[in-house]
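Chain H is fixed; fit chain G onto it per the hints.
So the sequence lines, in the order shown, correspond to chains H and G. Mapping to the numbering used here: the first sequence position 10 is 10, numbers consecutive. Mapping to the numbering used here: the second sequence position 399 is 399, numbers consecutive.
Read the hints as simulated data drawn from the structure, not as lab findings. Where hints are given, some of them may not hold.
Said to hold, decoys possible - Simulated pairs of lysine-lysine, DSSO-like, Cα-Cα distance not exceeding 27 Å:
no.	chain 1	residue 1	chain 2	residue 2
1	G	K256	G	K372
2	G	K372	G	K261
3	G	K372	G	K251
4	G	K58	H	K78
5	G	K58	G	K251
6	G	K369	H	K78
7	G	K256	G	K369
8	H	K78	G	K372
9	H	K320	H	K78
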Amino acid sequence: MNVEQWLAERTFHHSNFWDIKWLVEEKERQGLSISLCLPAYNEEATIGKEIVLLKSELHDRYPLIDEIAVIDSGSSDKTCEIAASFGADVYLAEEHMTECGNHRGKGENLWKALYLLKGDIIVYVDSDINNIHPRFVYGLVGPLIRDPDIHYVKAFYDRPLAFSEGLRATGGGRVTEILVRPLFSLFYPDLAAIIQPLSGEYAGRRSILEQIPFPVGYGVETAMLIDIYEKLGMAGFAQTDLDTRVHRNQETVALGRMSFGILRAFFSRLTGAERARFRDALPNIMRQHSVNDGNFEQRQFQIDEIERPPILEIESYVEKFHSELQAANRT
Amino acid sequence: MQRTRTVEASQAGKSNNMSHVSDVTEALQELPLALAPLREEVLANLVMLAQIPAPTGKEQGRAGYVLDRFVEAGLPDAGPDEMGNAVGFLPGKTGQRTIMLVAHLDTIVPESVDHNVVVQADRLIGPGISDNALGASTVSMIPTLLTELGIQLDSNLLLVGSVQSLERGNHGGLRFLLDHSPHPVDLGICVEGVELGRLNYFSIGTLRGDITCDVRPGESRSFGSESAIVVLNYVINRLLQIETPSRPFTKIRFGKIRAGKSYDVEPEHAELGFEVNSHSDAMIERIQLEIEDIVGEISARHAVDARLDCFFRCDAGGIPFAHPLVKTTAEIMRTLGIEVDQGHSPSELSEFISRGIPAVTLGISQGEKNRKKADHVMIDPMLTGVAQVIGLLQTLDRGNCDER
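One chain only, chain H, in its complex shape (with noise of 0.2 Å):
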């Protein structure tokens, strides 16, 4: 499948899955189960809302959602009594999976959501949407539902970035403009399709999310689409509009930290694939700077890029969702 062919049978409008009682009459025929998982971290001001809404819209009304699930990384403020208190199922991701140890980051709460939640689809939406709507969820299941080719799908949404001759300018955030998108023209120009490759919103088959290793940090999203694209190639993908989606913006800092995370997933990618040597090993220490009173301050943040192994290769993983490939190990 090429690029302007993926491009035109792949991307999707939510509109396009408007018919969620359809979609839950085709999910149950073929005898899928889906998983809604709202990793979080500080999340008080809108999770409430985002469980509210897709738990009944979803979940009540209309059965599309067999579970939703928040993955804390140990909120200190009521992220995770708001969710319970609304009828999310809510782990704390260190007290699980105790054996493999703990890292704190969105990808841990990812990878562990595998062995936590019982769907063939699991569905990731971040947790701090403002404009939250069942579309979050049923434009991205939507593909996956309706072709069984598909098994990871990506959201995009329209940025009111600039607007001229009638073509509606979507494109991703800073980081995917200045960032990803000149690395994967680089290295992996079919992945330069995918609109924004940053999105926090993603669902994907249990039966490819458990073959890929997870970054524990700001990469897991690059390395996901690398990784999945590594072993199934663009016919895996779908991508889906889901219009404007509203949330926090962050410092520009920030995002060079973000940048850094993604950095060093990207490279130990063509490292391991030997499309590029580096003759020492890459540091983990990001240099930024502050300016206090007229002086430059240096300061210097440690991001380890911890990643999570494919969770196909953990004991506790294939012994609750695999017993009979366990079982046939052993003889």
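Leaving out everything else, chain G in the frame of chain H:
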């Protein structure tokens, strides 16, 4: 202008009201519990509706949402009427009476305000959520809730999200519907977001108007040309001198004032929005005449065109305390553990009363209408508030409060 009539209490039904209520006390007390599995649906519905801006005259989005809910719930007849009201008709098994459940869709919040709703553990916060997104979302959910609870009424249910209720809307949507509905209405329930416990069955007399002052181009021979603000100030000072007795309760409120654009330019236009409330229609008429005289005199004496526009008038009136609708409603509320707060209402209630239709206004939850920040409604009392509406519908359905 509508004139209010007092609806007399029916003799029939008075004696056996309480026994009917006590018969269903147990079922009534269990209603909030039966509604508990639907809590997230109720909350989600409120969030989605509250996030649609609906200033008076621009309620189409909210009306469309309510109609979608009616259609999804399988109402056989749902659509907008000529005024844009969202109207759903749920035929009863026998259709022996028609009960109208109405909530106004419009709010005083401008479209430009961010309508984002925040969901906290104990409350929902958002502009206009208490007045009246919660009332409107409750009405929109009633068909779904009845179905989920397995309740089928003998009576027809006319469910209305009304438009143009506030400000200069002057209850326009509801007035139109009551005058043109193909289904004559026997009983009315007005639903407001807050406060749970309110039981309004009479309206205080109300007069609303604007006074505008426009400076004439030429100077007055007597006083010269003056700032419209100064002239409006003369008007306000004179209005403050109008006698307002405490019995019958009478009050003049100055609610809005607008004039001027810059520090160094005397404005040519100024306007004042006021309201007069009284338990006596005669008192309101006297005050209206006095205001007309004041405005006329100021207009003549100063170099301005001062005008009075009384665009809203609602006469005092209601159903008596002894009316079975009032007594039954109060009993239902007490059964549900709701502290009853009886009093007057400036709501659409007056439109029912003026047409001889017994009606009450109820609130769904506790909360607050804020002037400077977003409103809020509490989550916990909400299902009790919804239960009181459903309990009342069931009781009315048994004919306990029939007039005819």
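Hinted pair G/K372 and G/K261, Cα distance within 27 Å
Holds, at about 22 Å.
Within 27 Å, alpha carbon to alpha carbon, are G/K256 and G/K372?
Holds. G/K256 to G/K372 sits at ~15 Å (cutoff 27 Å).
Given the hint that G/K369 pairs with H/K78, does the C-alpha gap stay at or below 27 Å?
Within the cut-off at roughly 25 Å; holds.
Taking only the CA atoms, is the gap from G/K58 to G/K251 under or equal to 27 Å?
Roughly 31 Å between the alpha carbons, so the hint for G/K58 and G/K251 is violated.
Check whether the Cα positions of G/K372 and G/K251 lie no farther apart than 27 Å.
The hint holds at about 24 Å.
Keeping to a limit of 27 Å between CA atoms, is the pair of G/K58 and H/K78 held or broken?
The hint is violated at about 37 Å.
Checking one constraint from the list: CA of H/K78 to CA of G/K372, max 27 Å. Satisfied?
With a Cα-Cα distance of about 26 Å, the restraint between H/K78 and G/K372 holds, given a limit of 27 Å.
So if I understand the rule, the pair passes when the alpha-carbon distance is 27 Å or less; does H/K320 with H/K78 pass?
Violated - the C-alpha atoms of H/K78 and H/K320 are around 31 Å apart, more than 27 Å.
So if I understand the rule, the pair passes when the alpha-carbon distance is 27 Å or less; does G/K256 with G/K369 pass?
Cα-Cα ~17 Å, so holds.
Of the numbered hints listed earlier, those contradicted by the structure are 4, 5 and 9.
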